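Line by line, the protein sequences give chains A, B and C. With the first letter of the first sequence counted as 1, position 50 gets the number 50 in this note's numbering; the numbers rise by one all the way through. To convert, take the position in the second sequence, counting from 1, and add 680; that gives this note's numbering. To convert, take the position in the third sequence, counting from 1, and add 1360; that gives this note's numbering.
Watch out, some of these pointers could steer you wrong.
No more than 20 Å apart at the CA atoms, straight line, and that leaves these computed lysine to aspartate or glutamate pairs for EDC-like [claimed, not checked]:
| # | chain 1 | residue 1 | chain 2 | residue 2 |
| --- | --- | --- | --- | --- |
| 1 | C | LYS1742 | B | GLU1205 |
| 2 | C | LYS1980 | C | ASP1650 |
| 3 | B | LYS1062 | A | ASP419 |
The set of hints was computed from the structure by calculation and includes no laboratory data. Computed from a predicted model, the values in this text were never measured in an experiment.
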Amino acid sequence: MERNRLFTKISGILHGGDYNPEQWLDRPDILDKDIAYMRDAHINTVTLGVFSWAVHEPTEGNINLDWLAAIIEKLYSNNIYTVLATPSGARPAWLDEKYPSAMRSDEMGVRNHHGLRHNHCMQSPEYREKVRIIDTALAKRFAGNPAILMWHISNELGGYCYCDTCRKKFQEWLADRYDNDIEKLNKAWWTTFWSHKFNSFDQIDPPYSNGENCVLGLNLDWKRFNTWSATDFMKFEIDTLRENGATEPTTTNFMEMFMDYDYHYMSKFIDVISWDNYPELHNNWQSDADTMLERSFNHALFRSMKPGQPFMMMESAPGVVNWRPYNKYRRPGVHKLISMQAIATGSDTVQYFQIRKGRGSSEQYHGAVIDHIGTNDTRIFKEVASLGDDLNHISEITGSVSDNKVAILFDWDNRWAIDDAWALAKDTKNYDKTCMEIYNEFMSFGIEPDIISSDMDWSNYKIICAPMLYLLHDGIGDKIADFIGEGGQFMATYFTGYVDKSCLNWLGGFPGDGLHNIFGLRSEEIDTLYPEDVVNIRIRHKTGFTYHSAAVRDYQELLRDVTADVLARYDNDYMAGTPAITRNQFEKGYAYYVACRTNQDDIEFLYREMLDRAEIPYSKLPAGIEKHTRFANDIRYDFYLNCTDKPVCISKINGFELISCTSVDGKLHLDKYGVAVIKN
Amino acid sequence: MERNRLFTKISGILHGGDYNPEQWLDRPDILDKDIAYMRDAHINTVTLGVFSWAVHEPTEGNINLDWLAAIIEKLYSNNIYTVLATPSGARPAWLDEKYPSAMRSDEMGVRNHHGLRHNHCMQSPEYREKVRIIDTALAKRFAGNPAILMWHISNELGGYCYCDTCRKKFQEWLADRYDNDIEKLNKAWWTTFWSHKFNSFDQIDPPYSNGENCVLGLNLDWKRFNTWSATDFMKFEIDTLRENGATEPTTTNFMEMFMDYDYHYMSKFIDVISWDNYPELHNNWQSDADTMLERSFNHALFRSMKPGQPFMMMESAPGVVNWRPYNKYRRPGVHKLISMQAIATGSDTVQYFQIRKGRGSSEQYHGAVIDHIGTNDTRIFKEVASLGDDLNHISEITGSVSDNKVAILFDWDNRWAIDDAWALAKDTKNYDKTCMEIYNEFMSFGIEPDIISSDMDWSNYKIICAPMLYLLHDGIGDKIADFIGEGGQFMATYFTGYVDKSCLNWLGGFPGDGLHNIFGLRSEEIDTLYPEDVVNIRIRHKTGFTYHSAAVRDYQELLRDVTADVLARYDNDYMAGTPAITRNQFEKGYAYYVACRTNQDDIEFLYREMLDRAEIPYSKLPAGIEKHTRFANDIRYDFYLNCTDKPVCISKINGFELISCTSVDGKLHLDKYGVAVIKN
Amino acid sequence: MERNRLFTKISGILHGGDYNPEQWLDRPDILDKDIAYMRDAHINTVTLGVFSWAVHEPTEGNINLDWLAAIIEKLYSNNIYTVLATPSGARPAWLDEKYPSAMRSDEMGVRNHHGLRHNHCMQSPEYREKVRIIDTALAKRFAGNPAILMWHISNELGGYCYCDTCRKKFQEWLADRYDNDIEKLNKAWWTTFWSHKFNSFDQIDPPYSNGENCVLGLNLDWKRFNTWSATDFMKFEIDTLRENGATEPTTTNFMEMFMDYDYHYMSKFIDVISWDNYPELHNNWQSDADTMLERSFNHALFRSMKPGQPFMMMESAPGVVNWRPYNKYRRPGVHKLISMQAIATGSDTVQYFQIRKGRGSSEQYHGAVIDHIGTNDTRIFKEVASLGDDLNHISEITGSVSDNKVAILFDWDNRWAIDDAWALAKDTKNYDKTCMEIYNEFMSFGIEPDIISSDMDWSNYKIICAPMLYLLHDGIGDKIADFIGEGGQFMATYFTGYVDKSCLNWLGGFPGDGLHNIFGLRSEEIDTLYPEDVVNIRIRHKTGFTYHSAAVRDYQELLRDVTADVLARYDNDYMAGTPAITRNQFEKGYAYYVACRTNQDDIEFLYREMLDRAEIPYSKLPAGIEKHTRFANDIRYDFYLNCTDKPVCISKINGFELISCTSVDGKLHLDKYGVAVIKN
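Given these sequences and hints, build the entire structure.
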């Protein structure tokens, strides 16, 4: 795998984060101290201007960026580069006062009052014009400035607007999608149901909370439209910058497994993927190791969006956040663990929100490198500085990338459709969690999967798991057939292939689009279990003479027309004796079907079988240990993370450990929350 | 009891349900297959047109019913009759677009957007005019058609509208109710409290959520008005059909113990009672037998609305529903149990929602006879077909009716008043549940009560239980006195006779309206217990020398002025030693008063005493068994339902079992979920 | 302490309550019976007119107060005095109909419909004008009437209005507060954050729920403005009465620890403090003794507002209330306990809501002296009458006052700021509860603290506890330094001194405003614990050689720069070994700092140390016993309340017991819920 650096201006790992000097313009002493402290902490980048519009342009048309230029220059002279944000994430009061159309409307179509962030209509022409003007000024002033690393578009784009402008845009978007043929839409949305037929596109409303919200095709298209709308807004900002001379790369900061927009779509229009990572450690519902695995899954999702290229961890919290039900400090050592996990999974940055805490408002207690006490000797500061030093030790990993052979299919359309489906149980659908449990099972074998979409290139993978692939994109049936046919291992589960891209059910038995032939079965019923229900399956051992049992949770499908090999059968309740897990050889590959929900540990044999058939070497790791690998040309970097508060020793590790600059020969000792980077 | 058939056109039990061919007009192959499958399943009726308005009248005034006529004809030629619905349950988009007044307004008076079902103002003149036009067209086209069994008015009428039209209508309705005398209303609503007096009827608002909602008389009259308004709308549709030649019977489908409207009032204006039955079996909070008893209570409620006449189970779900928190499939055999329970309790139909699943929207996973797989060999299809066969075996029960001697009083006014009362505890009032527990206790003795209103004819009954009869209709005191005086057994409980029909408290001690004389006591305090509180009563055994104890839950009244016989006393807490259960002889009958809430099993002695005095024979049934009886002239049909998943044997049963065509002589064996119909 | 009687017209304790004869004007027989019953119950006062506007002025301008004059006269001739209310608590229908501006707007700025109480805009000019007219008429008619004891302004003032009038008033109030300098406001609110800067005061909205609600300075100033607005309205009513001849004292009835308004501010503008006391006894989450201590804390809060002057318990419920989740009757004897607790803590009245139950609407089941049964022999009536007799026995305590040396600091600004802070955990901040736990610990030693504000005179106190004093008023740092410097004992805790009055963080380490010097430490981190987390501290015993352990809940601070004496250290988790409780001598006094949340019982040593140093004698009382003391010149009255349902005996009590008229010599026996008043 070829080394691929994100930036040419800077050679190592980026370390820094959001910085708001505009809050301290009357305190030059503090600004000076901040820069000194940043140097102490080995910080080499800051993100500026995220919420600076009211300082850039205090009254309409009165733009002055000198303050910003001076700060950028001063930072640069201290070897600190700037990620420069467009300020569209929050609007000045004068803008909303003069142009009320800029404000978002709620789910009943009622316009909000001024305030908060993310409270704007992305289709408002007046708002766009004001964004265009300020972005133009920023680009004209800073494009090509050697201190500027990249452009950060807006901030954590999110939310839906139900105003009349958006209603009209939605109608146009629909007319375009359905070839100006309302009957096509009526068919796709099955509107004959409940007399929901439309005569024309201009009759169609957004799914108001006090209007039409039972037409599932409408709901799904509304989410797609909003993805389009946010992307359209983002592209409008990028185009404005480009038209005014900006050549630096662009990004926008994504937010974990955010439901609002399809990030797979959005990611196509930016140069670099970045996301904001806020793990909730030491909580009262799961182990630290499980929390870290959730992070790891998210990193994998964002890494996989641009194969062969590192991503950025654009935000993370030094010490603590302040907006959770419980805001608990990270224990000593955990800052390093979280930061190194990002690097291990493919990030080339460790960035924070925020460098210094502001004195007021809702983020005054959000963790920062520099606290209200204003010193460089707090526990948190010292952990940040120590991490900065560690990053310098491993700077050679910059630009290295992953090369995984296992993937998990994860589509936004599918998430939305499952979430909106009137089926199963309200609170136990757990699509995301199901994907993560499969990810975790592979991780326990030292194998990290990529997280991919239906539409991506699958050619690098030998195993693909597509749990609960309820909604099938156009052509996915053939794509799966091709993948298996050419020798792939493909695992599907209950609730697969029920609907097409419009949420219309496939006729003739699930999974649809021809998949029942590939898997050699049809699903007749999907039964929902209460948490108290006790159902088991019996799994045939390889020898065929002994069995072991596994518990079924939440869902069980009744299969029929089964021509596949049966690996497990239901053991009790009304499906007793019928197939529960099957394997079907299809040309050169194998199609696995898990018809019920179990713990993945209980069906470990299936993972071993897939890995064996795919000829991928694996070995079980100690509990709580994560392993990730990055490659740079011929070099291989194995990261080992101890996500527990107990020391651990891992056998059969050899190579050079970069952080400590020591050789490892056989046994790798990791302290609690310890991290090692083994180079080979 | 005289046999009384609902329909002359068809001799046996109706089997069928809602069918939406308009969703498949482009798939004649599927429509043909559906009819073939219906015949396989012994289906002899379908309900058409429930949500077909947008197909009937795709644009305003452009009505074409040929598609419907063709389908009705084709079904008829296959011996399948049609229940024909008016389509007012959901409106076409063009209607709301042109006549916004048709859309309902919410509890703050804000008009909804277009969408959903049941989202119309029943008083909107524009909406009514459009309904009149389409209903007229339907009646002119199909009245007298031999294929048409009956008219189904709208669908599951429900909800309240707070628009200005309804506000005005409400004021007119109030002026009429209070003889155009605002002072009468002020007195009835006790408006001097909190300066709530009105100067004129046109000052009165509906109880907006952001307006006046503490005037209990207003709240209660608003519910009564909405009952009137929905009935007025329903009558308007019936009148329209009748004026245009329709002579077939009418119904509208009720929904269990629906709180919105007083079904006792509505039921007077339709020819046949029908309701939609959706039991939630195999759940995690009660046994199947308890779930079935709840259904049984509902059947009894609807049966009792038109004494001497069968009712219809207009909807039920083959297999599963899709809108519950947990949507669990019914286990094999349960479909028969649920369907036969309807017949046992007095229905002459087993009808489903729905014959075939639609491909899209919010009911795509609602159980159906024909599934997306499109075959006639699914488990569910086979159970439906088998049931169809069973129904043919017992077709002679058609038109048989009940003759019960025990009744439970259950008034909507009372439900509403208790629900709205600022008294007791918020979450443990449980009026409905209390009625059901009494019903269940009688059922355990093989005695099925009717469920009646204050205003019905009580002359057929020997025992009436009126738990928590908080609100007393005009004249009810005398009616109770007459019932007891002529030899009846009447049981009342705590929280009886507190208010009159306007929710004004009776003065001089509860129960009011003279009832304290009938019962020989007054209630001074009603105390509310927390779930953790431990209070007991001591019940005197018949001999008078021994006692047993029973736990009190939720409520206990402190009685005074007790002249009745004391059957039990409080055993601890501050009421210790005072009467808890009493019996007062009044002329030829007995008035029982249970001053606290207990398990009915714990006061079984009271049931035995009432049944003994009423000379009604009874015997305890095995747990989980329901017994129901229907009569046709001199023939008696006893239904035995095993509502458990264990086989059971019942002794002393003799007669001819209709389903299996075998004689039973002494012992009746029932499989799990098994059903028998014993003819004598 | 000098005796200080509230009223000259009446010599003993006031006994009576709210009375609504306007509901019974058509029943003179009932009105006559009521007065006879009041005399039976030793009632000497009623509160009239609270909700009588619609009777006073049935149509606009048509005012007739004769009915009221007649009733006042009749009561007076029976030695029953009147507390006369202005009727602004609820408006007649005609007023809202004609002047919609009188109706309040909700948090989105949407105007409510007519109805309820407390649903008016306190800044509406039209509403004020109507209030002025009716108040003028009342004052002109009744000022100086010998039957009138005092004026009761409106009723339970509460709530916020978000209408345009209030928005405008808020802007004016802000302009005044910030010297017409928008930059001052921008600084105080830290508006550079998220580009929230304002260009002018007229851009500022209230914190609409669908607008700006993350600017903490705005949120806090909005609460202050609403305190001002309600006070402004109250003063407007008082001024109106005064301008029209009223010279009697004024009050308004406060509501426990009500969050809406700063009662410390409001209390300055009325003559007498009164409040409404509704304990929830016999519940399922705490003991009766704990419930009573909560009441005691509230009494202390209201007593402390006007030092050296008795207060009034304006409302309390005979028997039961009707608006709680569970409405449970008070057990026999508890009515006396609750009433005597009010007297013990400094009230000179026992007043009820209500004398007689109304027949209808939402308070028809609220406890009353006279029930619907209409007799004077109910349990509740007899307990009220007995209490009336007891009050006559102790009438000499009237005008006696308290003289406490311990105080707990409790500021509304601090409550609001903590509540709104984005920090700690959402559900465990528990500021109020923390104050109460400290109160309870002192009470267990027989020491009753006063509850005071930052701004009051502290000179009478030797010990002040200021738990979680998160927000510091201007000058409070110096005030605390002075208090300690002159020999005071001052206890602070975690979360002290984080922000100034604008919610801006202090720089340089917490606690700010110089307090870190007084306490000899700085706080670096405040960590939030989950309920499941186990953290302990080790407390050094006086000898210095042994230790005991105490559990930490919810919060723990990491201290640094500690120069104070360390009394306890963290024993585990990441702060192990660092200081947890400290004591710092500062000039003549001591500053204690408790850096983590513990049970107060577990740090009892600290209370003993403070009391010892302050030379305040104390001795531990039996569990569940409250002791309160009132002084009149040289006489001392010790009240002992048994707040448990078991009898108890207390040693070393001597004096004359007033209720029973017996001498106590050594041992005081108290029945369950028993009360004694020992005079010395």
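Structure-based check of all given hints:
1. C:LYS1742 - B:GLU1205: 14 Å, holds
2. C:LYS1980 - C:ASP1650: 16 Å, holds
3. B:LYS1062 - A:ASP419: Distance of about 31 Å is beyond 20 Å: violated.
Checked against the numbered hints listed earlier, the structure breaks hint 3 alone; every other hint is satisfied.
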